[in-house]
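Chains as they are written, first to last, in my numbering: chain A, 1 to 147; chain B, 1 to 147.
Mixed in with the good hints there might be a few duds.
[To be verified] The following residues of chain A were derived to be distant from chain B, with all beta-carbon distances above 10 Å:
id, residue
1, Met1
2, Asn2
3, Gly4
4, Ala14
5, Ala29
6, Glu30
7, Ala34
8, Asn35
9, Arg38
10, Asp62
11, Asp86
12, Gln100
13, Asp117
[What the hints assert, rightly or not] Here are the simulated distance ranges between beta carbons:
id, chain 1, residue 1, chain 2, residue 2, range
14, A, Pro119, B, Val23, 19 to 29 Å
15, B, Asp104, A, Arg8, 42 to 52 Å
16, B, Ala83, A, His5, 43 to 53 Å
17, B, Pro28, A, Ala34, 53 to 63 Å
18, A, Gly24, B, Asp73, 16 to 26 Å
19, A, His5, B, Asn36, 51 to 61 Å
20, A, Glu91, B, Asp117, 41 to 51 Å
21, B, Pro28, A, Ala125, 19 to 29 Å
Derived from the structure by calculation, the hints contain no laboratory data.
Virtual Cβ for every residue (Gly too), placed ideally from N, Cα, C.
Number of protein chains: 2
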Amino acid sequence: MNIGHASRASGVSAKMIRYYEQVGLIRPAERSEANNYRSFDERNVNELRFIRRARSLGFSVDEITNLLSLWRDRARPSRDVKAIADQHVAELEGRIAEMQAMADTLRHLSGCCAGDDRPDCPILADLASGDPPAGRGRRAAARPFGG
Amino acid sequence: MNIGHASRASGVSAKMIRYYEQVGLIRPAERSEANNYRSFDERNVNELRFIRRARSLGFSVDEITNLLSLWRDRARPSRDVKAIADQHVAELEGRIAEMQAMADTLRHLSGCCAGDDRPDCPILADLASGDPPAGRGRRAAARPFGG
DNA sequence: GACGCGCCTTTCCATCGTGGGAAGGTCAAG
DNA sequence: CTTGACCTTCCCACGATGGAAAGGCGCGTC
Chain A
1 MNIGHASRAS GVSAKMIRYY EQVGLIRPAE RSEANNYRSF DERNVNELRF IRRARSLGFS
61 VDEITNLLSL WRDRARPSRD VKAIADQHVA ELEGRIAEMQ AMADTLRHLS GCCAGDDRPD
121 CPILADLASG DPPAGRGRRA AARPFGG
Chain B
1 MNIGHASRAS GVSAKMIRYY EQVGLIRPAE RSEANNYRSF DERNVNELRF IRRARSLGFS
61 VDEITNLLSL WRDRARPSRD VKAIADQHVA ELEGRIAEMQ AMADTLRHLS GCCAGDDRPD
121 CPILADLASG DPPAGRGRRA AARPFGG
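When you get a sec, could you build the whole thing from the sequences and use the hints?
Dropping the structure here:
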């Protein structure tokens with residue numbers, strides 16, 4: 001199975017398959033001797049699907065590395081898997097809370113804004129006040145999404 | 001006022017001040033002729049505070065470019081400001097919903113996981129099923145946070 | 001006058017996962 | 001033999017931020 005076929009079978013783009021190999025998330029694929037083309041089997045495709053599902057739940061490549069090795073280890077304690085999942089949930093909740101705080105603040109400001117031809121605008125007034133986010137009981141931290 | 005002073009006065013790192021100048025978010029600062037040091041005044045510091053506050057509400061540099069020009073335009077219609085804010089709120093809500101869906105799914109799976117020495121684990125079982133996220137009524141898209 | 005410290009300057013690199021594109025090899029069908 | 005579909009590697013870009021290197025300038029101190 002060539003990379004394009006594996007890509008269609010797994011839903012992971014060929015680009016990403018090569019990337020996952022490069023960063024060590026998956027073992028380097030076998031290569032056809034004539035071609036130097038990568039070749040994949042059903043097991044590889046299952047791994048790719050696992051990765052895709054984990055990515056869709058927001059796990060980072062590092063976390064997936066750990067999840068994959070637990071998956072392969074038939075003697076794993078489910079405790080370890082649960083720990084990774086719970087930690088990820090906590091991260092998600094943290095980011096959600098930050099973004100929720102931003103959205104709440106902005107909804108409030110927008111609700112106070114006439115939104116017509118006139119220039120007066122509580123949104124700009126708030127930004128211009130330049131207060132640090134913690135200053136008025138708002139708790140949104142500076143960097144809510146990954147950067 | 002040198003960049004370090006402006007940084008402390010505004011809460012924006014010197015690094016970021018140079019970056020904002022580079023990408024055109026702020027006008028290039030005046031330069032001392034001897035030094036070639038940037039020099040800032042209170043107005044610049046106010047702009048930097050505006051930017052910091054906007055960043056803390058999750059606005060992108062592009063959005064802040066627009067907000068700044070509206071801020072400077074005393075004849076702006078508040079409608080335009082509100083539109084930017086509302087659109088940003090919608091983006092935030094979208095991302096929040098995606099992450100909420102991930103967290104919900106993971107909380108459910110984790111709740112079903114014994115989390116002990118035994119290897120059986122519904123979390124891994126779910127990942128191994130490799131279903132596309134839309135397949136079982138879950139709606140989490142693939143890329144919830146900025147990348 | 002020499003030295004060190006602190007500040008400034010620019011430039012390059014890394015993050016994280018993903019897509020885009022170039023330049024070139026391989027293969028099967030027409 | 002050509003065309004087109006596939007594969008390969010390598011480089012670049014994103015966004016906002018921090019880090020580090022290498023060097024210039026100014027002030028205070030010996």
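Hint check results:
no.: 1; hint: Met1; result: holds (16 Å)
no.: 2; hint: Asn2; result: holds (20 Å)
no.: 3; hint: Gly4; result: holds (19 Å)
no.: 4; hint: Ala14; result: holds (16 Å)
no.: 5; hint: Ala29; result: holds (18 Å)
no.: 6; hint: Glu30; result: holds (21 Å)
no.: 7; hint: Ala34; result: holds (31 Å)
no.: 8; hint: Asn35; result: holds (28 Å)
no.: 9; hint: Arg38; result: holds (20 Å)
no.: 10; hint: Asp62; result: holds (15 Å)
no.: 11; hint: Asp86; result: violated (6 Å)
no.: 12; hint: Gln100; result: violated (6 Å)
no.: 13; hint: Asp117; result: violated (5 Å)
no.: 14; hint: A:Pro119 <-> B:Val23: 19 to 29 Å; result: holds (27 Å)
no.: 15; hint: B:Asp104 <-> A:Arg8: 42 to 52 Å; result: violated (30 Å)
no.: 16; hint: B:Ala83 <-> A:His5: 43 to 53 Å; result: holds (46 Å)
no.: 17; hint: B:Pro28 <-> A:Ala34: 53 to 63 Å; result: holds (58 Å)
no.: 18; hint: A:Gly24 <-> B:Asp73: 16 to 26 Å; result: violated (52 Å)
no.: 19; hint: A:His5 <-> B:Asn36: 51 to 61 Å; result: holds (58 Å)
no.: 20; hint: A:Glu91 <-> B:Asp117: 41 to 51 Å; result: violated (26 Å)
no.: 21; hint: B:Pro28 <-> A:Ala125: 19 to 29 Å; result: holds (28 Å)
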